[in-house]
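The listed protein sequences derive, respectively, from chains A and B.
The working numbering applies: residue 82 is where the first sequence begins, and numbers increase by one.
The working numbering applies: residue 82 is where the second sequence begins, and numbers increase by one.
Careful, some of the hints might be misleading.
What the hints assert, rightly or not - Sample of chain B residues at the chain A side, in silico, Cβ under 10 Å:
#1 LYS125
#2 HIS167
#3 TYR398
In case anyone wonders, no lab produced these hints; they're calculated from the structure.
Note that CB positions come from ideal geometry on N, CA and C, so glycine has one too.
Number of protein chains: 2
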Amino acid sequence: MTVSPYTLHCQSTECQARCGEIATLHGPIQTPVFMPVGTQASVKAMTPENLVEVGAQIILGNTYHLYLRPGHELIRSFGGLHRFMHWERPILTDSGGFQIFSLQDLAKITEEGASFRSHLDGSRLFLSPEDAVHVQEALGSDIMMALDTCIPYPASRDEAAKATALTARWARRCREAQTDTGQHLFGIVQGGMYADMRLAAIEQLVEIGFDGYALGGLSVGEPKELMYELLAATASHLPATHARYLMGVGTPEDLVEGVSQGVDMFDCVMPTRNARNGMLFTSQGRVVIKNSCFQHDQRPLDPTCGCYTCRHYSRAYLRHLFQSREILAYQLNSIHNLHYYCSLMTGMRNAIREDRFLAFRRDFYEQRTVPVSAH
Amino acid sequence: MTVSPYTLHCQSTECQARCGEIATLHGPIQTPVFMPVGTQASVKAMTPENLVEVGAQIILGNTYHLYLRPGHELIRSFGGLHRFMHWERPILTDSGGFQIFSLQDLAKITEEGASFRSHLDGSRLFLSPEDAVHVQEALGSDIMMALDTCIPYPASRDEAAKATALTARWARRCREAQTDTGQHLFGIVQGGMYADMRLAAIEQLVEIGFDGYALGGLSVGEPKELMYELLAATASHLPATHARYLMGVGTPEDLVEGVSQGVDMFDCVMPTRNARNGMLFTSQGRVVIKNSCFQHDQRPLDPTCGCYTCRHYSRAYLRHLFQSREILAYQLNSIHNLHYYCSLMTGMRNAIREDRFLAFRRDFYEQRTVPVSAH
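Next comes chain A alone, as it looks inside the complex (with noise of 0.2 Å):
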């Protein structure tokens, strides 16, 4: 029915792995991509500029607290987020569910939506799949996510089934809901850990039609094995014309293995939430700045990276930062660890157009064997 907005432009012959191009009213986005997480209008201690040069492609913005705070109504006064927040390439919104039912208990889920509680004032609200499109539409991202109920880790067969089932029944009303404004529409595919269950939802999904599919509800709670198993059986059965997202994932290895299972799309606050704890990525690993090993350190946090931090800083400078909290610590650190996952995406990008992902893949956990440390 709809043209899909995402074109292949390779196929691995080794695994799934695969790259390719989404059109959106920003422009187009390379694909497999790594999303950083702006919540609130804003990728947390990071400018649009600084995004830019960390090679951010598009940034997900959450609809829970944008609809919360300032509201979609300001947010369309001022023509959508992108001029709001001075961001011009794309941006991804989700739908709302994940933070409705994350952020509390009291979440209530009728046929016709869902009612929560305001986490900054307590008052009532209501979301209808309806509302979720409406506000996404005032919010003017470029790809919207339909309304989904969230199935919590572990969950009986019978509750992830009414659950799968209400997630369907929403995702037609997402549809029926859009109006004419260019912007994309993605299903999600929910389930639990029940494999059959996810099947049966991509073919609800597919027979609704969307504008591309993504896998929510991984990465809750449950052992990182179950997550890829439920990846391997049911990535590749999302269509292959269309591009395919994780929702909420995740490390550096979980990116490896879902593009390696066909995956486009990812998100996740681990690099912004874990450069503001002092937790940095490098091709070697993880490096957790505050320790004491650094103290005297007059190199870069890695030697190999090409970002402003590494370019300028040492490790004992931001340790230093990091033991004074200064504001600057958390900007050079989410500029570093944006700038690895963005890099990390490009290499696999690149080892895909080659048809060399397998021996990528190898090198990137042969790297993580030596540990970071001073000498």
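Following the hints, put chain B in place on chain A, whose structure we already have.
Just chain B now, kept in the frame of chain A:
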């Protein structure tokens, strides 16, 4: 004896205001100048590139803080503060005296020096005038300050006289302790709120001979009128051949008044601290960004301002970031406030060069009679 690093370029015919230049190891500084404060080897929420963009010519580091953490020997191992913090323009370091007195009640002053406790771990420490110079030599600042004793407000004449005499003896020891590094050393005029005592202190310091002279112990809680009185009674008695520095001052109004009395250098945490508290400076006066009148305001903070923040962001967005406690709020607000302070100094320098300082000063106050609001 020594050649003054200060060169007078022009003198207002209307008042004491003057333009000049201070030569330093890291290049010349155009005066009058405002120095952003980078207490812990970072001007809070600002990258060095941000500082250059707002027009900062020189920044200040706090010897007390850097001595405690990360330690001057660590900074020496980097060849000084400049390389440690990636700042290539001049740096002035204070002597540590003010912090020793202001951060704790238990500082004990003897002829030999100051005993105090670390505010970080409570350890007992001692700083002599000689130590203060040697620590600053390790930091590699362009302008060092002599160790002074601070006089609380109010203080009896006797109390003030004793502290002022000790400051003079310490000043001589600082000058004698200095080695041949090319760094400048400034003397600090104390004397409490007693103008005659300050004039005598100036004579003593000039007799020792410093590379510049500072007025210390002002803006310590005394009424504003008293500070202006003392300024008028003393600033023009500082040698015209040397740079004059009014320490820890102040508001935009204070800078204008200080310049009109012939002051060349200022430093204050106000622009950065107020930025983090949501108080912003504009040509029309102060703005409290959280005020609800800015909620829907699409205009830049100050439509006449050319800073990064005003070029790209609205009052509504700045309010949203501040209400949401986003780190970007601190970054954007700090950029704006420091740009305001540095531009104010540029405006004053231009006005002095064109010998229209009093007209500039009149305009400065007149613009502030129109309050900043949404309409």
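TODO: Sort out which numbered hints this structure fails and list those numbers smallest first.
DONE: Checked against the structure, no hint fails, so every one of them is satisfied.
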